[in-house]
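A.B. asks: Protein chains in written order, with this note's numbering: chain C, 1 to 235; chain D, 1 to 239.
No lab work stands behind these hints, which were simulated from the structure alone. We treat Cβ as the ideally placed atom computed from N, Cα and C, and that holds for glycine. Please note: incorrect hints may appear among the correct ones.
[Claimed, not checked] Okay, derived cross-link-like pairs now, DSS-like style, lysine-lysine, Cα gap no bigger than 27 Å in a straight line:
1) C:K50 / C:K147
2) D:K23 / D:K77
3) D:K77 / C:K50
4) D:K107 / C:K147
5) D:K176 / D:K23
6) D:K107 / D:K77
7) D:K77 / C:K147
[Claimed, not checked] Not close to chain C: a few residues of chain D, all C-beta gaps over 10 Å, as computed:
8) I13
9) E15
10) D19
11) E25
12) D66
13) T71
14) T75
15) I115
16) R148
17) E169
18) Q172
19) E173
20) S184
21) S185
22) S217
23) E221
[Unchecked claim] Label pairs and their computed distance ranges (CB to CB):
24) D:T71 / C:D131: 28 to 34 Å
25) C:A68 / D:T54: 43 to 49 Å
26) D:D167 / C:M65: 50 to 56 Å
27) C:P54 / D:D167: 49 to 55 Å
So the chains spell out like this:
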Amino acid sequence: MTALIPHSWLNWLGIPPWVWSPLSVSLHAALEATIVVGALGTALGYLLAKGRFPGRSALETLFSMPMALPPTVVGWYLLTQLGGPGPIRDAEVRLFGHPLTFTFDGIVVAQIVESLPYCLRFSRAAISGVDSRFEQAARSMGLPQGKIALLVTLPLARRGIVAGVAMAFGRAMGDFGATMVVAGGVPMATTMPIALYNAVFYGTHEQATVLALVQLAVSLAILLGVGRLGKVRPW
Amino acid sequence: MTAALELAVSRRIGEFDLDVAFKVESGISVLFGPSGAGKSLTLSLIAGLTRPDTGTIAINGNVVTDCARRTYVSTQKRRIGMVFQDGLLLPHRSVLDNVALAVRQAKGRRARRAIAQSWLEQVGAEAFAHRRPGSLSGGQRQRAALARGLAGDPALVLLDEPLSALDLEVRQELRKLIRGVITSSNVPAVLVTHDRDEAIELGDVIIGYRAGRVTGSELVERPAPTEPGPTSPGDTGPA
Chain C
1 MTALIPHSWL
11 NWLGIPPWVW
21 SPLSVSLHAA
31 LEATIVVGAL
41 GTALGYLLAK
51 GRFPGRSALE
61 TLFSMPMALP
71 PTVVGWYLLT
81 QLGGPGPIRD
91 AEVRLFGHPL
101 TFTFDGIVVA
111 QIVESLPYCL
121 RFSRAAISGV
131 DSRFEQAARS
141 MGLPQGKIAL
151 LVTLPLARRG
161 IVAGVAMAFG
171 RAMGDFGATM
181 VVAGGVPMAT
191 TMPIALYNAV
201 FYGTHEQATV
211 LALVQLAVSL
221 AILLGVGRLG
231 KVRPW
Chain D
1 MTAALELAVS
11 RRIGEFDLDV
21 AFKVESGISV
31 LFGPSGAGKS
41 LTLSLIAGLT
51 RPDTGTIAIN
61 GNVVTDCARR
71 TYVSTQKRRI
81 GMVFQDGLLL
91 PHRSVLDNVA
101 LAVRQAKGRR
111 ARRAIAQSWL
121 EQVGAEAFAH
131 RRPGSLSGGQ
141 RQRAALARGL
151 AGDPALVLLD
161 EPLSALDLEV
171 RQELRKLIRG
181 VITSSNVPAV
191 LVTHDRDEAI
201 ELGDVIIGYR
211 AGRVTGSELV
221 ERPAPTEPGP
231 TSPGDTGPA
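Next up, chain C with everything else stripped away, as it sits in the complex (with noise of 0.2 Å):
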């Protein structure tokens, strides 16, 4: 996992080498997390914008409901689901072997359940914003629905879509309750946020101003990187 950036840069960059681990954890975490994010994000925001079925605001409000919720209360029912009895530990045992509470893949899962709403919001509203006049225009070119969607409808909504991949990524990246109450802050499950607090609960306050200052950095320079993919020529 402290592959993800060579070490040599990160030397470079002058971050101290304890710093290495909880950094790699939160990057790798909230960029797994972000790749389901954005994909599963985005087709729910296309269903949301364009579908018309029963139960359609049902299901935005319960995929947006960790927005409105504490994360250490969505942390907890990750908790009693992932790691209680039943068929979703059962599950997870028969596809990883073991159950996702306190390890890497608990803190995906629960970086994925926080950051979704953002992406999913921002991609329905991007999406329900493009024009419907040139998804007509497509329909009368004879495209099908399927390449309307990837040819017309993502492409003008894919400001508002990078923005929300964006958002679930620094949502992801800044979790804590959530991932906290699912993997305990285990070795090499411990991400940037919990090192700041064990930091600070254990009163190494210089350490606690270096983690706070590389999680700034990254976030910052992600956000920013990322923003500029959104950016696109001027029509």
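Dock chain D against the given chain C, drawing on the hints supplied.
C.D. replies: Okay, now just chain D, sitting in the frame of chain C:
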């Protein structure tokens, strides 16, 4: 002879009530009337973008809408080409891509782009084939939109006030182009306008509209074509 388009439809939207019936043969048929008369709504019904409350629509003898039998052929399968008032070219695609996406009759990207390129040449738009629509003038955009409307080998072309957003000089230039290209391609067309000069210059038949009803139709008399001789470029548009 089968009519290129035959329709008898009604549609109510709020207080507005559209109830029209007419046939279109070859050439350009112009739906002419004031704004709010239901001309663009009629095009939308023909294209299948809106469903009528009652009635039938047949394109080239194929029934594409029959409310009584609940038959609604999708817009994609109606084999129509559309040219919108403001072009509606996809802003994130080059002009060539926009036209190539509308090509139905060829498989493979290269073949579609070759057909698109030839249509762009016919409408005098080849010079900006690789530019994005946002960098084009209104006239250039409508040339590209005309190419896109015709590139898919349509059974019928629908033009919804294609020139109304352009200034007078460009409008006059494009009237000649539209008339020339549609006549030479031999595709029947229905064009909507509220400009009488445009209706007379472009149309073979003018169908009058007022308050959701057809008020009548008239054939436009045109002078017999003169003997072929030297013409200045742009006189008749690219043929």
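A.B. asks: Just double-check S217 of chain D for me: nearest Cβ-Cβ distance to chain C has to come out over 10 Å.
C.D. replies: At about 25 Å from chain C, S217 of chain D clears the 10 Å cut-off, so the statement holds.
A.B. asks: So does A68 of chain C sit 43 to 49 Å from T54 of chain D, Cβ to Cβ?
C.D. replies: The hinted range 43 to 49 Å holds for A68 of chain C and T54 of chain D, with Cβ atoms some 47 Å apart.
A.B. asks: Does the claim that T71 of chain D lies outside the interface with chain C hold up, using a Cβ gap greater than 10 Å?
C.D. replies: The assertion about T71 of chain D holds, with a minimum of 18 Å to chain C.
A.B. asks: Taking 10 Å as the cut and beta carbons as the points, is E221 of chain D off the interface with chain C?
C.D. replies: 32 Å, holds
A.B. asks: Please verify whether K23 of chain D and K77 of chain D have alpha carbons no more than 27 Å apart.
C.D. replies: Judged against 27 Å, a Cα distance of about 21 Å means the pair holds.
A.B. asks: Hey, K77 of chain D versus K147 of chain C, does the alpha-carbon distance stay inside 27 Å?
C.D. replies: 15 Å, holds
A.B. asks: Could you see if the CB distance from T71 of chain D to D131 of chain C stays within 28 to 34 Å?
C.D. replies: Given a distance of about 29 Å, which is inside 28 to 34 Å, the answer is holds.
A.B. asks: Report holds if the minimum CB distance from E25 of chain D to chain C is greater than 10 Å, and violated otherwise.
C.D. replies: E25 of chain D clear of chain C: closest Cβ-Cβ about 22 Å, beyond 10 Å.
A.B. asks: Just checking, S185 of chain D versus chain C, shortest CB gap more than 10 Å?
C.D. replies: Check passes; 17 Å lies beyond 10 Å.
A.B. asks: For the pair supplied as a hint, K176 of chain D and K23 of chain D, confirm whether the alpha-carbon distance does not exceed 27 Å.
C.D. replies: 25 Å, holds
A.B. asks: Over 10 Å from every CB of chain C: does R148 of chain D meet that, or does the non-interface label fail?
C.D. replies: The assertion about R148 of chain D is violated, with a minimum of 7 Å to chain C.
A.B. asks: Looking at S184 of chain D again, its CB stays over 10 Å from all of chain C?
C.D. replies: 22 Å, holds
Consistency note: the structure conflicts with the earlier hints numbered 14 and 16.
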